[in-house]
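Top line first, the protein sequences correspond to chains R, W, S, L and B.
For the record, in the first sequence the residue sitting at position 202 is 189 according to my numbering, with numbers rising by one throughout.
For the record, in the second sequence the residue sitting at position 196 is 232 according to my numbering, with numbers rising by one throughout.
For the record, in the third sequence the residue sitting at position 3 is 36 according to my numbering, with numbers rising by one throughout.
For the record, in the fourth sequence the residue sitting at position 114 is 147 according to my numbering, with numbers rising by one throughout.
For the record, in the fifth sequence the residue sitting at position 383 is 542 according to my numbering, with numbers rising by one throughout.
Read the hints as simulated data drawn from the structure, not as lab findings.
Misleading hints may appear alongside valid ones.
Listed below are the simulated DMTMM-like cross-link pairs for lysine to aspartate or glutamate, each with C-alpha atoms no more than 25 Å apart in a straight line [stated by the list, open to error]:
1. 234/W / 250/W
2. 231/W / 176/W
3. 63/L / 285/L
4. 154/L / 408/B
5. 494/B / 127/L
6. 72/S / 366/R
7. 477/B / 113/L
8. 494/B / 408/B
9. 253/W / 332/B
10. 231/W / 217/R
11. 231/W / 225/R
12. 412/B / 113/L
13. 184/B / 126/S
14. 154/L / 71/S
15. 303/W / 86/R
16. 154/L / 181/L
17. 22/R / 134/L
18. 231/W / 204/W
19. 184/B / 110/S
20. 72/S / 191/L
21. 72/S / 199/L
22. 477/B / 158/L
23. 194/S / 244/S
24. 63/S / 282/S
25. 270/W / 328/B
26. 234/W / 169/W
27. 272/W / 178/W
28. 313/W / 126/R
29. 194/L / 181/L
30. 147/R / 58/R
31. 313/W / 65/W
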Amino acid sequence: MSATTIIAIVLVIGAVGYLAGAARARMVVGGETAKLHSRPGYYGSFILIWATLPALLLLVAWSSFAPVLIDNQVRDTIPESVRAEQSATQQDLSINIVEAIAEGLRLLDERELQQATAGFVLLRPLLADKGVALAGNGEDWMIASAQQLNALRDTNIIWKSIAVIGLSIVGFTAGLLQIRAQLRARNRVEGVIHAGLVLASTVAILTTVGIVLSMISETGRFFSSVPPQEFFFGTVWDPRFANAEDPDAAGQFGLIPLLAGTLYIAFVAMLVAVPIGLFAAIYMAEYASSRFRSIAKPLLEVLAGIPTIVYGFFALVTVGPFLRDLSGQIAGIATGEVSSFISATSVLTAGLVMGIMLVPFVSSLSDDIISAVPRSMRDGSLGLGATRSETVKRVILPAALPGVVGALLMTASRAIGETMIVVMAAGVAARLSINPFEPMTTVTVKIVSQLTGDLEFTSPQTLVAFALGLTLFFITLALNVYALYIVRKYREQYE
Amino acid sequence: RDQVSVAGSSTVLPYATIVAENFGETFPDFPTPIVESGGSSGGLKEFCRGVGTEFIDIANASRAIRDSEVASCAEAGVTEIQEIRIGYDGIVFASDINGPDFALEPIHMYQALAAQIVVDGELVDNPNETWADVNPDFPDWEIAAYIPGEKHGTREVFEEKVLLVGCEAAGDLQARMDAGMDEDTAEENCYAVRKDGKSVDIDGDYTETLARIDANKEGMGVFGLAFYENNTDKLKVATMSGVTPTTESIAAGEYPVSRPLFFYVKKAHLGVIPGLKEYVEFFISDAMTGPDSPLAEYGLVAAPDEEREATRASFAAGETL
Amino acid sequence: MKVDTQQGFADGTATAVAGSNEFPVKMDGKNVNVFYGDKQAIFDVNLEIRERQVTALIGPSGCGKSTYLRCLNRMNDTIESCRVTGLITMDGEDIYDPSIDVVELRARVGMVFQKPNPFPKSIFENVSYGPRIHGLARSKADLEALVEQSLRGAGLWDEVKDRLQEPGTGLSGGQQQRLCIARAIAVSPEVILMDEPCSALDPIATAIVEELIDELRQNYTIAIVTHSMQQAARVSQRTAMFHLGELVEVDDTETMFTNPSEKRTQDYITGRFG
Amino acid sequence: MKVDTQQGFADGTATAVAGSNEFPVKMDGKNVNVFYGDKQAIFDVNLEIRERQVTALIGPSGCGKSTYLRCLNRMNDTIESCRVTGLITMDGEDIYDPSIDVVELRARVGMVFQKPNPFPKSIFENVSYGPRIHGLARSKADLEALVEQSLRGAGLWDEVKDRLQEPGTGLSGGQQQRLCIARAIAVSPEVILMDEPCSALDPIATAIVEELIDELRQNYTIAIVTHSMQQAARVSQRTAMFHLGELVEVDDTETMFTNPSEKRTQDYITGRFG
Amino acid sequence: MTDASLTPATTATGTRSHTRDIGLKARYAAERRFRAYGLAAVALGLFFLFLLLGSVIAQGYTAFWQTSIQLDIEFDEEVIDPDGNRDSDRMVLLTANYPLLAQRALHEKLGVDPDDRAARRDANSLLSQGVRTQLRDIVVSDPSIIGTTRTVWVLAHGDIDSAAKGQFDLTVEESRRRVNDRQLGYMQTLEEAGVMEGRFNTGLFTFGASSRPETAGMGVAIIGSFYMMAIVLVLALPIGVAASIYLEEFAPKNRLTDIIEVNINNLAAVPSIVYGLLGLAVFINFAGLPRSAAVVGGLVLTLMTLPTIIIATRAALKAVPPSIRAAALGVGASKMQMVFHHVLPLAAPGILTGTIIGLATALGETAPLLLIGMVAFVADYPATPFDPSTALPVQIYMWSGQAERAFVERTSGAIIILLLFLAVMNITAIILRRRFERRW
Ligand SMILES: Nc1ncnc2c1ncn2[C@@H]1O[C@H](COP(=O)(O)OP(=O)(O)OP(=O)(O)O)[C@@H](O)[C@H]1O
Ligand SMILES: Nc1ncnc2c1ncn2[C@@H]1O[C@H](COP(=O)(O)OP(=O)(O)OP(=O)(O)O)[C@@H](O)[C@H]1O
Ligand SMILES: [Mg+2]
Ligand SMILES: [Mg+2]
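Whenever a hint applies, use it, and build me the whole structure from the sequences.
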């Protein structure tokens, strides 16, 4: 019986339990459901939970522990002689072959099985015929181990099915016995749902913990070879070239230029996205006919769905050269000398293109939030003789502000985390500059390029990616803490 | 797991996929190997995580594995690593097809791109603005070079085989050492690339470099030979030290800028992962990596006959690092 | 139930004016029909609002009082499905004429709504909002004075003078509604439309507002929707009775309550139908 | 302004009961204090609600009537900053006891709010929602009957019977409030709390609701907040007078309106302060 | 009541009339400007959209046509199975020299002299190397075909395809071109004979990865993306909505929930590649899930999408007016019932918007997949989410780095397919949103 079958059976028991619970509840009060604490459906759900939840938890636990036990037992079947000469990792590999054989043996019929047990040399072509490819390193003892493995697996499945289905039935009965008119079934069921909700919200915390944990050890290794002050306060990013005065250092890992580039590009992007997005949202929520809105809004949302690599190419082949040539023209008109003051790859190009990508993030979220401001607010303002724009600027936007700020924060986050557009539109040169017409780069770009490069993976040059990741993580964390504080301070609740 | 799992260098990736695809077609019993991209570093890192079916079998690399990496591998139990050299990657300089011919020497690249050069005995920030400043025969283009970013292995080759050579040729290396730098520092100083925007690092792949040259017709880009050969109608290749880069001239060792490509195999996996041994053998067969093979057609510079023979022998003998 | 109309008049008549003909017509509706989508809410109503008088609109719930009132400052424009036909004039000008500016109209015809709807801003900003957008105060001091006057006018000043910077939404229901009245009178409109302005007020506040309405009548034209016939009797000089979207009768309040010419009015004010 | 309490009594006394001691206490508040954050809104109030009586809570705006009412079915729980101390019991049980199920409590103590708040669903669904979640109707026909009965009870049936499937939010203000009343009585609670239920209703609908309240009194206990002293006089048997968060006086309605023992009550009902 | 209340009215009396200056002209100008800004913003957004789409489509629409050659192929037993033991050894049919069959047929059609080696080479290179598998599949599925002659459309080589679409600059000298003059002549011959034409490129949708442009397709990527989106939808939507409900409706407002809130906002800002690191560490190295598998990709993208969904859902929940909640609680609904019966349905449009944005981002994401082995060459279809597969953006990313000219248009073609996916999602969302959207 496969796990899916077991789950299906448990679910069927649960479904029966639902009906039985509801029926039992009705019976207890002789049909007068008003006497029940909760609606019969809740009693049904109560049984459903009793019948399925413990059983499924058991199934999960069993399924994660049993293979370990089986594996240990199969390992015990490895002949002493083999065990003596093989290292633990080699044994792992042998077990892998055993498993492949075990899979293959199941495909054989009685006669072939007889043949197969004779030896690995015979088995290999036999299985190859069945489309099971075996590696060359097999040995004869593995066949016995494989049979043992199959036997263990078979018993395991039987016991697992019995235990899980048994527990399900026990739960079913236990639940049914508890049913009284006064049983607070709704509260119990809601308790379980509540627990589920709590569990769901811990995912966010677990993710954070996971992220920190997955980066911390490598970051530690990085900092053991590069002093933190050099990383955090260094103003030169040139990881492969040591400072001329200090030939021992592995390179120069100054965070400042990357950070400056990140914030600068994100700032330019927000400068593009916020006005366009906010005005678009306002137009759609306040002025546009519902028809126009229903067409324009999803169309704008398409912008958010276009993969960033497409934007990257767009920046590279269209926007960048356009800006460069444009600046050439302008310079030509102004000074008579045609020299482009905007590089094809620049903070401006990246910011502009990224801004376009971010427009729907601002507009869609803001549009929903603005539409949610109650009508009476609009009436109040319009009734005083305010124009629509005054109403929007002075009443609706302030009322929607916390939500809009939330949307903007989300957008800013995206801007800070964006990689592909920057790689293509702003380049990878880590420079410290305030000229938006020149290339700069961002932390994320460097994370990707250091991780996917050809440099030595044990060197600080690669490890720095983890330090960068963790640093970025904590910087955005600080920003978000601050943002939360701001939103809290200015939050005004309507209605 | 029943298919071979490969990860690593994006330079080797196209070759590895051609082999994998042909392998799948030639050996219908084995599933087509999975070839991941992710850089030599990422590939070797995965490779060195450990031995077992949950770990990859082969790491592609556009450089040789480093000692520290071998050590790190060994720590995780990956002790027996077989190194396989598949051929060479030529690195060429090319500009727009409609531009003039360039007859480059390393010294030109050095003088155009180094952060600092020696002028009148003084080490100064590179003053050259146009190619004509470097060599009056060159067009009066503003210098704009698209070179591989520091993450690329190609960059290292470019530095060592072009910039450093140019530096020496110009006598600048000596001048630096005379000025009191020790040799290592002087060398590093030679191939430090200017950061005033005249030289642009490309962290993406060659299509990006091509797009940049499309956008700036006066740009000069660094490409792999294979990529150039697929785009001969758009690019004009420059000669280096008077040699035009071709598979022949590189194989013959005439063209100076090239590098070997590798992959590394876990010996412990050879008998365990179905098809792994066959894949490696197929890869190093003449049918795949010989002079008339699909890889060569794609742009890989095949290793000389005796080198290929040696590789095969070494693999068959199970030699490890 | 018996509604005592006499009692209301004790106050109402004190300020009522004998003949109503001496008051010129301020706003005039001719054959007004209003539709919400396909549904007609107002049927052929002809109703004039006289200058410097209080006109009360009464009638059972859902009869279209609010709808008619909202036509007078074109607040109905903001409801997409709403369509108005007929002619409504103010000082003889068609207010639905394309040349008429709806913002100016609304600045001249102020409105107080049924549900209190303070802005989610401070009390001060709520009141100063109108004067500010219309540029009615020359200086900050001016504005502050104007806010104080308006809040006093709405009988709210003493309760909120110490917390002008607190949000208007934090007030109790009655306080909120008085804030809205203060907000409306702060822009000194010519006509003030009030949609059950007192329905959320307690009697004391109601009395204050009623007194205020009576005083405002010196300078303003007022139309008020109310459910309370006592209130109509107390504050208004003319009363219009609506039923099922029709105007049943309109007359001097005194006549209306003592001697209605329509049976339906009679029945309604004596509480006999609904 | 003079408020005519006599008139109100014409109706009120008709249904009032002589001695109030014969009615057992349904809900009882002892030393109730309510805080919104640091701000205290209710000070040490002791007020009992008697079974099968209508208790009216009166007082000027912002005095804490709504706040006290909301304590009785723990709606205040939903306001984060709100804190209640003291003891409130229902049938002798502490309703703030942890063992008390607040949902059950609210099913037993229904509520009608100041601002109409229909669900954005159909009229039918609005009314049937409560019975549905409490399982009060066995069949669809049952449910329909219950909905009709409740809508009739709220005096809304005739107006909406043809459009039960239309959204409740499309009704006029008064209709919406009556819908909310229908929704509350549909679950037949033991106690019904009404926060100015008639402030958005016209006199006819008000009369219907008042009549209804009077009928409901046969089976239910009712607490009603009102601004209209006439209404308090008409529908209630006991009246509690609040001022600035304190309970000034509570007594039989008749006594209260004819012979109040507190000066403040006297002043308030004669309209002398606020 | 003081008489101060009357002053505003009296002071205004003199000037009060419609001559009162309320700055209408300027305000209307401002109003028009404001409205124009709004319209301009929408127009600008749409302009960029169409510019982008236009350039993608202009570059990519040709990818949906693939040059093919019609050949009368004789399935010669001499070539396929010279020893006649195909019944005993199944490898015979699998390893036969199929390209030869096609080459012979082509030579015949072009009248190539069999002794002219150069001409033969040029002619052979008109054909895709994919003919091997194409013909093999035909024979293996029906061995009885051996010995007969069939008309088969075979794929032309990628360079020929590009040449046929005019993507090579034919003015450059012959030696610099991927296609020489003789091959151009052959192409013309075939075209004139009506046996070479652009046919709809179904392979683009069905083939797996390939190093040859003409046999490269999005099949594996489509399946992979589909698996991943299904996983993201199935996990992220319920978890995200559940978490939002807890945080917005149930959680006490304390330090802990503040931390969670900040956390979630922060997770939305974490660059996507960091999620790749997380996925590698947690799902592959710790939980032992297979590399390159859609299930890992789906889980990583789920974690990445969650914050977006949670933030949007919370905003949507917040926007539901408190009076609705009070109404529900007032009739004795439990908090849970209040949420599920009233608040959630009202918040549905907002939740949908957030989910779609989140899914769209996930659908287009490459960087995190790099670290979990999904940026890979995968030729075989994944049978389950646990098998190796790639994703649409990965395929785009990989093709964009390929040297062959034919991959340039295919990259754009792949983008078009990705956008189609996106469009389907968006349209679904619009339909759902229409059903849920109510204004109150
Ligand atoms: N926005 C709207 N859309 C559709 N119908 C509406 C709208 N507003 C009001 N109606 C309908 O128009 C009619 C008149 O409504 P109106 O609000 O003018 O009544 P009213 O006299 O003000 O009632 P109340 O005293 O209850 O406020 C009612 O039947 C109502 O249902
Ligand atoms: N959610 C809240 N937060 C803070 N203060 C509140 C809140 N609700 C009410 N208050 C304050 O508590 C006091 C009592 O308010 P409550 O709403 O109970 O008054 P009320 O007697 O019902 O007034 P009204 O008749 O105007 O409705 C008022 O001062 C009010 O400002
Ligand atoms: Mg109304
Ligand atoms: Mg109140």
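Problem set entry | Violated constraints from the hint list, given by number and in increasing order | Those not satisfied: there are none.
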